[in-house]
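> Listed below are the residues making up each chain.
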Amino acid sequence: MKAERADTKRDGRWLGLYVLAYLVFLYLPVLLIPLFSFNNSIQAAFPLQGFTLQWYQTLYGNPALSGALANSLVIAAVAASGATLCGITVSYMDLYGRSPLAPTISAIARLPILIPGVIVGISLLILVNLIGLGPSRVAIVLGHILVALPTTVVVMRSRFAAIPKTVREAALDLGASDWTTFRRVMLPLSLPAVLSAFMLAFLISFDEFIVVFFLAGTEPTLPLYIWSQLRFPRSLPTVMALGTVILAVSFIIAGTAEILRHRGLGAARRNPA
Amino acid sequence: MSTLIAAAEAPEPRSSSGFRLAMLLPGALVTFLLILFALGLVLFLAFRGNDGSLLGVGLTVENFVTVATDPLYWTVTLRSLVIASLVTLATVVTAYPVSYYLAFHAGRRRGLLLFLVTLPFWTSYLLRVFAWKIVLAYNGVLNSALIESGVWSEPTLAFLNTPAAVVVTLAHAYAPFAILPIYVALDTIPKSLLEAASDLGARPFTAFRRVVLPNSMPGVLAAALVVFVPTVGDYVTPAMVGGPASTMIGSLIQSQFGKANDWPFGAALSVCVMLVILVVVLVARGADRRFGSRT
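So the sequences go chain by chain: A and B.
Residues in the first sequence are numbered from 1 upward in steps of one, following the working numbering.
Residues in the second sequence are numbered from 274 upward in steps of one, following the working numbering.
Chain A extracted, bound-state conformation (with noise of 0.2 Å):
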């Protein structure tokens, strides 16, 4: 029994070693991303020259950059109140709505994640195509729902289910109606959770590439600005710059959501009705 328990012990111990090397992989090279964006040259490599906020300067008064960006948070915005609004919903109807066809939207709504991105982006360019729309901001937002979806539906499907049955039967045998059950009750306990929801549909819309690259008309979004600037070499500390920025912001935001996420769960977990 001692010797078993040495023995999980020293597993443990080599398997931290790992985890960590394993973090160092992970993070190595993003962070170089940052390192180089105030280096003072235009080459990516060792040794490094000199400090210089330059780089970042050139990022001020870049009307392409600045364009870009409100694109990409106007159409994130938009995408994840879509996607989420979505996610509630289907994963509300799947759980609770005794309609034979919410089980089947729900297993739907959760299909994009085995579609390739090339594959969504391509059946949205016929589909928008089709409608007159063609190419522009309302087709990257579509297109970003449909990659958000999975994950707003599997976040608000689990926070569904983790709050208590009975919370649901007691408001209507007090007589609340659905709508009133939904609204006043179920929504309000799940708010960390929409928060969450919310937040990592944005991200994922700010990021997204392989599919806005189909989408998207004269107006492009920041990833695909950033695209556009990876052909020129002159460009690539720049790109740096802006990568380091939006680094710190994803870190912020996906911290946020996660602190939001384990409030919720912990909130169910201590005052369950």
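Errors might be hidden in some of the hints.
[What the hints assert, rightly or not] Stretch by stretch, here's where chain B covers chain A in the computed footprint (C-beta under 8 Å, at least three residues):
no.	segment
1	26 to 39
2	245 to 257
[Stated by the list, open to error] Beta-carbon label-pair distances, calculated as ranges:
no.	chain 1	residue 1	chain 2	residue 2	range
3	A	G16	B	F478	16 to 24 Å
4	A	R231	B	L306	33 to 41 Å
5	A	W179	B	A533	49 to 57 Å
6	B	V338	A	Q49	51 to 59 Å
7	B	V366	A	G217	39 to 47 Å
8	B	R562	A	V245	21 to 29 Å
9	A	P188	B	A533	49 to 57 Å
10	B	T348	A	I252	41 to 49 Å
11	A	A162	B	P463	18 to 26 Å
12	A	Q49	B	L328	51 to 59 Å
13	B	D460	A	R231	40 to 48 Å
14	B	L316	A	V245	38 to 46 Å
15	A	A77	B	F478	49 to 57 Å
16	B	I420	A	F232	19 to 27 Å
Source of the hints: derived by calculation from the structure; they are not laboratory data.
The beta-carbon is built from N, C-alpha and C at its ideal position, and this holds for glycine as well.
Dock chain B against chain A, hints included.
This is chain B only, laid out in the frame that chain A set:
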């Protein structure tokens, strides 16, 4: 007591139709129009001839004949499958010990570690691929670091523009996808099962091989699927770090809808990719069922 049970078992009152309609509508619109109809359009287009119009002309299997008979498409499809399989294998094998540590050894650090390994997923995919480009380039970080440290005297071209570069970059980009499902599967294994194994005299490795590994297979399969699907159709990474020898099927589809402007043929290629994925999903399902029956 009996009335209580009766009340609990009584069917719920049917919800108002207005509520049901309003709650079903957004999901129904998105799933039926955006997913099923759009995919149906791809399937339809795949059987049309290209005359430059949006939906093509006639009904033909010519596109599929071309895919089946032109060795170029076989080569590229096979390469995509090999690269995606290698990425999947590398990602799952390297992710498994991390998930194992999270499930059995992490203790109170579990939440933080789980967050740390999934965090890179929320940063731009494009930037992660770009990061590998600056690592592997001729004037890049790896070459300059090797020269600085005296291991190398000349930079080498051998890193960038190779299929290996594509595999490493994709394995890095999709790593967080693999850890979560495996961790979830490992976390649901009852600890009593492990105690039972050791009580019955199983050594730690035997217990792992006979108890932990089979019970975690559903998570491994789910991880393999979520890595394989996006990588098999990827066209960004091959374009950025792969060079011409790493063209994948996603790049071909993309060029049919761009430069080549043969949408029906691009649709046919997409249908073939979906068929491959369908086969992979069915195989995974079958394997899942086999492992599922053990517990």
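> Compare the structure with each hint and give your call.
So, going through the hints one by one against the coordinates:
no.	hint	in the structure
1	26 to 39	holds (count 7)
2	245 to 257	holds (count 7)
3	A/G16 <-> B/F478: 16 to 24 Å	holds (19 Å)
4	A/R231 <-> B/L306: 33 to 41 Å	holds (36 Å)
5	A/W179 <-> B/A533: 49 to 57 Å	holds (52 Å)
6	B/V338 <-> A/Q49: 51 to 59 Å	holds (57 Å)
7	B/V366 <-> A/G217: 39 to 47 Å	holds (42 Å)
8	B/R562 <-> A/V245: 21 to 29 Å	violated (47 Å)
9	A/P188 <-> B/A533: 49 to 57 Å	holds (53 Å)
10	B/T348 <-> A/I252: 41 to 49 Å	holds (45 Å)
11	A/A162 <-> B/P463: 18 to 26 Å	holds (21 Å)
12	A/Q49 <-> B/L328: 51 to 59 Å	holds (56 Å)
13	B/D460 <-> A/R231: 40 to 48 Å	holds (45 Å)
14	B/L316 <-> A/V245: 38 to 46 Å	holds (42 Å)
15	A/A77 <-> B/F478: 49 to 57 Å	holds (52 Å)
16	B/I420 <-> A/F232: 19 to 27 Å	holds (26 Å)
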